[in-house]
Structures are given as C-alpha cells and as structure tokens.
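*Asks:* With chain A's structure known, arrange chain B on it following the hints.
Residue numbers (this note's numbering), protein chains in the order written: chain A, 48 to 251; chain B, 48 to 251.
These are computed hints drawn from the structure, not numbers from a lab. For clarity, every value in this text was computed on a predicted model and none was experimentally measured. It is possible that part of the hints are untrue.
[Said to hold, decoys possible] Mimicking DSS-like on lysine-lysine, the simulated pairs with C-alpha atoms at most 25 Å apart in a straight line are: (1) B:Lys183 <-> A:Lys183; (2) A:Lys183 <-> A:Lys112; (3) A:Lys102 <-> A:Lys122; (4) A:Lys112 <-> B:Lys112; (5) A:Lys122 <-> A:Lys112; (6) B:Lys183 <-> B:Lys197; (7) B:Lys122 <-> B:Lys112; (8) B:Lys183 <-> B:Lys122; (9) B:Lys122 <-> B:Lys197; (10) B:Lys122 <-> A:Lys112; (11) B:Lys112 <-> A:Lys183; (12) A:Lys183 <-> A:Lys197.
2 protein chains.
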Amino acid sequence: MLMLPSRIAYHVPVARWEPNTRERLVRAAVDLFADQGYDATTVSEIAERAGGLSKMTFFRHFPDKREVLFAGQDKMGQLLAGVIAAAPGSATPLQAVAAGLDALAALHTNDQREFAVRLRAAIVGNAELRERAASKRFALTEAVTAALEKRGVPDLTAGLAAELGIRAYYRAYEQWADSPGEQTLTDFARHSLSELRAASATLD
Amino acid sequence: MLMLPSRIAYHVPVARWEPNTRERLVRAAVDLFADQGYDATTVSEIAERAGGLSKMTFFRHFPDKREVLFAGQDKMGQLLAGVIAAAPGSATPLQAVAAGLDALAALHTNDQREFAVRLRAAIVGNAELRERAASKRFALTEAVTAALEKRGVPDLTAGLAAELGIRAYYRAYEQWADSPGEQTLTDFARHSLSELRAASATLD
Numbered sequence: 048m049l050m051l052p053s054r055i056a057y058h059v060p061v062a063r064w065e066p067n068t069r070e071r072l073v074r075a076a077v078d079l080f081a082d083q084g085y086d087a088t089t090v091s092e093i094a095e096r097a098g099g100l101s102k103m104t105f106f107r108h109f110p111d112k113r114e115v116l117f118a119g120q121d122k123m124g125q126l127l128a129g130v131i132a133a134a135p136g137s138a139t140p141l142q143a144v145a146a147g148l149d150a151l152a153a154l155h156t157n158d159q160r161e162f163a164v165r166l167r168a169a170i171v172g173n174a175e176l177r178e179r180a181a182s183k184r185f186a187l188t189e190a191v192t193a194a195l196e197k198r199g200v201p202d203l204t205a206g207l208a209a210e211l212g213i214r215a216y217y218r219a220y221e222q223w224a225d226s227p228g229e230q231t232l233t234d235f236a237r238h239s240l241s242e243l244r245a246a247s248a249t250l251d
Numbered sequence: 048m049l050m051l052p053s054r055i056a057y058h059v060p061v062a063r064w065e066p067n068t069r070e071r072l073v074r075a076a077v078d079l080f081a082d083q084g085y086d087a088t089t090v091s092e093i094a095e096r097a098g099g100l101s102k103m104t105f106f107r108h109f110p111d112k113r114e115v116l117f118a119g120q121d122k123m124g125q126l127l128a129g130v131i132a133a134a135p136g137s138a139t140p141l142q143a144v145a146a147g148l149d150a151l152a153a154l155h156t157n158d159q160r161e162f163a164v165r166l167r168a169a170i171v172g173n174a175e176l177r178e179r180a181a182s183k184r185f186a187l188t189e190a191v192t193a194a195l196e197k198r199g200v201p202d203l204t205a206g207l208a209a210e211l212g213i214r215a216y217y218r219a220y221e222q223w224a225d226s227p228g229e230q231t232l233t234d235f236a237r238h239s240l241s242e243l244r245a246a247s248a249t250l251d
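Same shape as in the complex, but just chain A (with noise of 0.2 Å):
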C-alpha cells in the first residue's frame, strides 16, 4: 500500500487527490442502509454522505449501489488466485488455500471489526443483498477451485478444496466480527480451516 505523509494532502487539490474515496462512499453506504434501509437509500444520498461527493463520483467507482457492498469480490478473487498460483510446488491443495487465506485475513484489522458487523447487518436485513452475497461467496470459491486447477489439482478435490477454504473463511469472518479480544482474523481463519478438515475427515 502506498502511504503518503498526511501533511501532503494539504498542498494537493482535493478534488483529484482522493484516496479514500472508495472507502468514505462504502462506509456512508453502510451507514444509510443500516440507518434507513437499503430500499429508501439513493446513490445522491450515499455521494452525500460520503463528504459531499456528487452522483458522478459515485458512478466512477461502482456500477450501481448494490455493488458498493461488493466491490471487493474481484479483488478477492485476485488476490487468492495469485497467492495460490504462487504457493510452493509441494504445497497440498489445502496448503495453498490456507496461504490464500492467510493472504485475505491480512487485509483486516481487529478495529474494523464494528465496521464488519453492520455490513452484516446491511446485508443481512435485504432479501437482494444476501442473494449477492450468496453470489460472491460462490464467485471467491469458483476462483479458488480455477487455482488449484491450474496446478494440476483434480476438479473434485480442486471443488473440495475450494470449498472447505471459503467455508472456514466466512465461519471465521463471524467469530472474529463477534469476538470482542485479541485474536485476529488470521488466528480465527486458521482455527476454522483446521476444524474443518477435521470434521472432513470423518464425514460420513
């Protein structure tokens, strides 16, 4: 990530420095949804909130206002696919998918753990949004089971794999939302994965 020091934002005209931009119209997003609903939410009010930006702002950024709960599906799915593509030869598939876990839990810090929970709520409370939701959640484990494709992972155990790294993912993108300590994202996400390829093991 590229970090400036902050005194430099001052000498830049606000207007084409905007580095958070993304950021503020997601976190005004959640906000309104969560304040008012997602249905009475309009994309001018979204812009709005998010420090007086305008409509056209917002639309240089996501499609539409469903999307800016999703726009880090795609980056998601890079990031996994890359880290998995770049994991060691040796590595099992369920060696590459946790590195790819690892790669995502990172990108989380404990103090947007408030911030994850009325996401959820956003989502949760919209019939619409959590027919997204289900679709990014199979997306991310499309994306995984390409990966492990590519390194020769039989389709199966490739869809297998996939699909106990995403499980374990989102199992423990909740404890860590919920949880109130210490413990990562990452901590969680290696806990979850570990459960579950011990629950794998003696399904029957």
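*Replies:* Leaving out everything else, chain B in the frame of chain A:
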C-alpha cells in the same frame, strides 16, 4: 403425484382446470429466453406463448419473469428436508443426504434432459440469472444443513455433508443433462456422491 385419466380433461372447463399452467409458463419462458434473450422477453410474451394466457395468470403463479426459472427452489428444499428428517435414526449424515438426493433425482425422467440443457443455456447466458442460480444453490445447501442439525448432527459436520450432497447433485445434473444413454439422474447422483466422498476422504 396425482394422475388423472387424460380423458377427464375434456369434461372440465379449461379456465378452471389448468393442471399444467405452471409448467407451460416455465417452458414458454425457457424457450423465449433461449430464442430472443432474457432481457428482451416480457411477461406478456411468456403468458401468450404458454397458450394464450394473460399476464394476470402469469402473476398468479410467479412474482416476476426471473422467478419462473427458480420456482422449484422451495419445493426442492422442503423435499430434501422432509426426506432427511424421515431417515432412520441410525442413518449417518451422508446416508440421510443420499436419501434426499434420491428423492430429488426421482422427480426427473430422461425425457427431460433436453429441457435441462435449454434451461442451463438460458441461465448461463445472463449474469442476473447466474447470480440467482448461485443463491438457489446456497439456499438448498442451507436447507440440508438445517435438516441435518435437527437430527442432532453438529453444525460443522452438517454443513459439510450438505455441501457434499448438493455439490454431488449439481455435478450429476450436468452429467445427466449431457448424457445420451440410459442412465438416470438417480444413477448419476449416486455415483457423484460416491466420487465426492472418496475425494473428500483423501483431501490434504
């Protein structure tokens, strides 16, 4: 399934006795989506193609044109849940799931394969429908998970057994739709579940 001698149909007013209205609407929709695309097709056209029906008749059966393709979701979920609940107390989670898949597969006869191929083509060609399909798959997995948990299966195991079962069913459905031979969907589903169990046991 209630079977009436077909001759009886001639003695009952058509407007009140429309045993196949839903099915005719589904087939008309799939035909039109395949011919002219999902976005270009209106509810009126679907109703008309289904034998000169009205929009109002359509809306008595489906909330919108998208749901025509996914109308079976609730029924499938309930069938799976019912069969899993009714499995002997001694059945393992995967045995209960296998009974559920048998029940689902038994709904399909081999003369429906051509329709399955057309339905798939309609869904694959449209992002909104693919998303809805992912959501259906997720909902079915959740239904099986919940049914297993009601049997006292621990949540991790229930989720994995459900995933294995739904994954096996979808895989089998694809293979069956493309197959020219005598094998039934039941044959494919049993084989697929057995393959996935084996792959799962060697996952590493």
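*Asks:* Would you mind marking each hint as holding or not holding in the structure?
*Replies:* Cross-check of the supplied hints:
The suggested pairing of Lys183 of chain B with Lys183 of chain A holds, with an alpha-carbon distance near 13 Å, which does not exceed 25 Å. This hinted pair checks out: Lys183 of chain A and Lys112 of chain A have alpha carbons roughly 16 Å apart, not beyond 25 Å. Our distance criterion of 25 Å between C-alpha atoms is met by Lys102 of chain A and Lys122 of chain A, whose separation comes to about 24 Å. A distance of roughly 23 Å separates the Cα atoms of Lys112 of chain A and Lys112 of chain B; the hinted pair therefore holds under the 25 Å criterion.
Only pairs whose Cα atoms come within 25 Å are accepted, and Lys122 of chain A paired with Lys112 of chain A is accepted, the gap being roughly 18 Å. With a CA separation close to 21 Å, the supplied pair Lys183 of chain B and Lys197 of chain B stays within the 25 Å bound. As the CA atoms of Lys122 of chain B and Lys112 of chain B are separated by approximately 18 Å, the hinted pair is consistent with the 25 Å bound. Between Lys183 of chain B and Lys122 of chain B the alpha-carbon distance is near 12 Å, which keeps this suggested pair within the 25 Å criterion.
A distance of roughly 19 Å separates the Cα atoms of Lys122 of chain B and Lys197 of chain B; the hinted pair therefore holds under the 25 Å criterion. Restraint check for Lys122 of chain B and Lys112 of chain A: the C-alpha separation of about 32 Å exceeds 25 Å, so the hint is violated. Between Lys112 of chain B and Lys183 of chain A, the direct Cα distance comes to roughly 23 Å. Compliance with the 25 Å bound is thereby established for this hinted pair. Straight-line distance between C-alpha atoms of Lys183 of chain A and Lys197 of chain A comes to about 21 Å, which keeps the hinted pair within the 25 Å bound.
Going through the hint list in order, the structure does not satisfy hint 10, though it satisfies all others.
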